[in-house]
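2 protein chains.
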Amino acid sequence: MKNLYTLIMAGGSGTRFWPRSKTAKPKQYLNIFGNESLLQDTIKRFATFTENEKIYIVSSATQATVLEEQTPMLPKENLIYEPVGRNTLPCIGLAAMFAEKENPDGIMVVSPSDHLIENNELFKDTVLAAAKIADEKDGIVTIGITPNYPATGYGYVQTAENITGAEKISQFKVERFVEKPNEATASDYLKQGGFYWNSGLFVFKVSVFLKAVQEFAPELYADLRKIQADLGNPSYPQTLDTIYRAVESISVDYGIMEHAKNIYLVEGNFDWNDLGSWESVYLADKNKDENGNAGSGETMFLDTKNSYVYSEDDNVVAVVGLDDVIVVKDGNTTLVCKRENAEDIKKIVEQLKAENKAQFL
Amino acid sequence: MKNLYTLIMAGGSGTRFWPRSKTAKPKQYLNIFGNESLLQDTIKRFATFTENEKIYIVSSATQATVLEEQTPMLPKENLIYEPVGRNTLPCIGLAAMFAEKENPDGIMVVSPSDHLIENNELFKDTVLAAAKIADEKDGIVTIGITPNYPATGYGYVQTAENITGAEKISQFKVERFVEKPNEATASDYLKQGGFYWNSGLFVFKVSVFLKAVQEFAPELYADLRKIQADLGNPSYPQTLDTIYRAVESISVDYGIMEHAKNIYLVEGNFDWNDLGSWESVYLADKNKDENGNAGSGETMFLDTKNSYVYSEDDNVVAVVGLDDVIVVKDGNTTLVCKRENAEDIKKIVEQLKAENKAQFL
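Residue numbers (my numbering), protein chains in the order written: chain A, 12 to 372; chain B, 12 to 372.
These are calculated hints, taken from the structure and not from any lab test.
Label-pair ranges, simulated between beta-carbon atoms: (1) D325(A) x N193(B): 39 to 49 Å; (2) L294(A) x T34(B): 30 to 40 Å; (3) E147(B) x D325(A): 55 to 65 Å; (4) D300(B) x E80(A): 39 to 49 Å; (5) T196(B) x N46(A): 51 to 61 Å; (6) K358(A) x N280(B): 38 to 48 Å; (7) K55(A) x D314(B): 38 to 48 Å; (8) L201(B) x N46(A): 57 to 67 Å; (9) G308(A) x K55(B): 35 to 45 Å; (10) A369(A) x K55(B): 32 to 42 Å.
C-beta: ideal position from N, C-alpha, C; glycine also.
Put together the whole structure using the sequences plus the hints.
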């Protein structure tokens, strides 16, 4: 598709992946499976149907070194650095301002940088189906993942009218976006049907998206226009810094998707895992041994079941007599965690931050 | 005491202390508690009542570097290297041959190098009481630890006639030495009374011990005499190597103590811990936090109880949601072990050996 732009959001800090995820090299830059990073996998996935010149990445200045190192295939000017993180709406808005200068009628796919997606062919077909709707109906299209269990870790999208025609991939009008539910509510959603996981994948025409920003977040819109007006000038970095720091931190879901009317959903049936925690990595790992143990590097398991161990090159990690644990050894930091407590890793990171222990972060 | 010699046996490999205990630096050279190694603590303990010139250490040639590094206070000629380990009887016999050349009437205290002993004053009084018996009765004296639970990890010594006179420290004739019992037998021993843990601390007159070797291990005795005859000659290292490699591997308990008649026991009431495993270290650690966690270095415990963590300098180890675990991070090796499986660590070491992974051993 000629006028297709991709925006990969790579500014996250991935604290639940500590200790591998560090300030200077968060989750998206790690090779969790295979030899390439999640970001590189993401770029590759889009590069099969998007020109490299039309792939943008928004990230944080603190990640510039690793980002440039991992993206030699992209033009440097496509790497956009936020002075500070302000959640997804300002981030996407900023990138849309870049794209608008090239082509206001361009179709932009917004994608997280740190998800695991298999079936790249089906992924491509799904994105292109979404792009077609975005183009033809001037809608904002989200890709919804067909849920296979009542997850409480994802937001959901409830669909309305089924508008699938001759297409192989189902498409719907969207009724509403809902935040992460509790387990009972999630079970209800699955029983009721018509609910999808919010994948964070959005597709829209640049002009349509910016119009929605203008309508639902007018202050942000004005600020983004000021930034855009200074693009290419020597004063631009200072302008960006001053204005962007002052914008409200708000998600695209909350700021736009929950309000706009022209929202569509395309069903995503490709293998998808947001790798939200080490627990997700354990579950997604397809190379488990006969005791359900998985991991990376040189590992030894003795009387140990259903555990995940990450060991660095030239290291060994041995686990003895434990079930359901996650062990991650990375440089000067080691984590040992019960699988069910994987979400609590961010508390460790918070504590280290509070204690100013930057050497471990 | 003027004619008192100390022999510290420091040739052990301490595989149950992996991964801190490595081939080139086994357990006795580690600072488990405090700043000095267990060996250095042992030397200090004896140095308060033994001249440094009379403290011998038997170790293995593979440990020469770390041994010399840690023993600047001792004459180099007091460091005796076995070409190979042959258990305690050949080791003590070899050292006795050295001591005999200086003073056959000297009293020798044999001590492990890797035990934790507190109350140094009481320890000294106990050793001196044993030395007095060894000297006056020409007996071989063992120091028996008063058991406070039915341990299955130690050998026991059953006492016979109580021969305590005016002394403050109880002393007995010995009935027999028994190997590590099972739990039921150990419980019986405690109920029955008169049983002590075999501490590995022995005291004897050099000539008396060598006479016992001659009587109960005549082949070894002849071999040791040949080695002694070559002491100081250029051919000595070769002689030692050739003969020592061929001697039978046998413990002093099995080779002498279970057979000799003139055996005595002096009661040891000082705090004693053989630090047989990481579990012993956990139990012996007196600096536990309110959740029963202990350790060394920078550690973080979240929803974790009764665990022991060793973290190296400039490292952090975080444990989340686990109880009763041992975590030891040492260089390129990391161990995570349920406390009750602490004895199985040696299986990990065996496996690494079998796989020729010397870089982790």
